[in-house]
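Modelling step: build the complete structure from the supplied sequences, incorporating the hints.
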Amino acid sequence: MASRSARMTTLSSICFLRSESFALVRMSAAGDPGSHASEIETACPFPIRLAAIEAGGPQREAELALMFARDRIRPGWFSLSPALDRYIARLGDVSRSRQ
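In the UniProt record's numbering, the protein residues as written are 1 to 99.
For the record, the hints were derived by calculation from the structure and aren't laboratory data.
None of these values were measured; they are calculated from a predicted model.
A virtual CB, placed ideally from N, CA and C, is assigned to each residue, including glycine.
Hints are not guaranteed to be accurate.
[Claimed, not checked] Label pairs and their calculated CB-CB ranges:
hint	residue 1	residue 2	range
1	Arg90	Glu20	15 to 21 Å
2	Gly34	Arg60	17 to 23 Å
3	Ser35	Ser81	26 to 32 Å
4	Arg86	Ala55	17 to 23 Å
5	Ala65	Ala23	15 to 21 Å
6	Pro75	Gly31	16 to 22 Å
7	Leu91	Glu41	14 to 20 Å
8	Arg70	Arg90	16 to 22 Å
9	Trp77	Gly56	14 to 20 Å
10	Gly31	Arg70	25 to 31 Å
11	Thr42	Arg70	26 to 32 Å
12	Glu41	Ile73	14 to 20 Å
13	Arg60	Asp85	16 to 22 Å
Dropping the structure here:
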């Protein structure tokens, strides 16, 4: 099994998964956004979809967490504030390209 530090260096994308029902966003770094999103969609008790992907790893994820700190509910989960909604919209909606 790869060490945690080795896994962290291979993460090259930030995934934004969005729940319309609860106005929540899950933000997390991933090496394979499609697989990562599928895992979260399967584990999540409510409907959630991959809304956007941004290049970056754990450092960028930490920067984004600070940027949206006022919207943070718990680690990795954020309220869908107008600012976060605009940020995700600027990245482009990947769910349309997955259909």
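Right, here's what the structure says about each hint:
1. Restraint check, Arg90 to Glu20: a C-beta distance of roughly 18 Å satisfies the suggested window 15 to 21 Å.
2. At about 19 Å, the CB distance of Gly34 to Arg60 agrees with the hint of 17 to 23 Å.
3. The hinted range of 26 to 32 Å is satisfied by Ser35 and Ser81, whose Cβ atoms lie roughly 28 Å apart.
4. For Arg86 and Ala55, the Cβ-Cβ distance of about 19 Å falls inside the hinted range of 17 to 23 Å, so the restraint holds.
5. For the pair Ala65 and Ala23, the beta carbons lie near 18 Å from each other, so the given range of 15 to 21 Å is met.
6. Range check, Pro75 to Gly31: Cβ separation about 19 Å, and the 16 to 22 Å hint holds.
7. Checked against the hint of 14 to 20 Å, the pair Leu91 and Glu41 passes, with Cβ atoms roughly 18 Å apart.
8. Taken as a hint, the range 16 to 22 Å holds for the pair Arg70 and Arg90, whose Cβ atoms sit roughly 19 Å apart.
9. The supplied range of 14 to 20 Å is met by Trp77 and Gly56, whose beta-carbon atoms lie about 18 Å from each other.
10. A C-beta distance of roughly 29 Å is found between Gly31 and Arg70, which places it inside the suggested range of 25 to 31 Å.
11. A hinted range of 26 to 32 Å holds for the C-beta pair Thr42 and Arg70, which are about 30 Å apart.
12. At roughly 19 Å, the beta carbons of Glu41 and Ile73 sit within the given window of 14 to 20 Å.
13. Here the CB-CB span from Arg60 to Asp85 is close to 19 Å, well matched to the stated 16 to 22 Å.
Comparing the model with each earlier hint shows no violations; every hint is respected.
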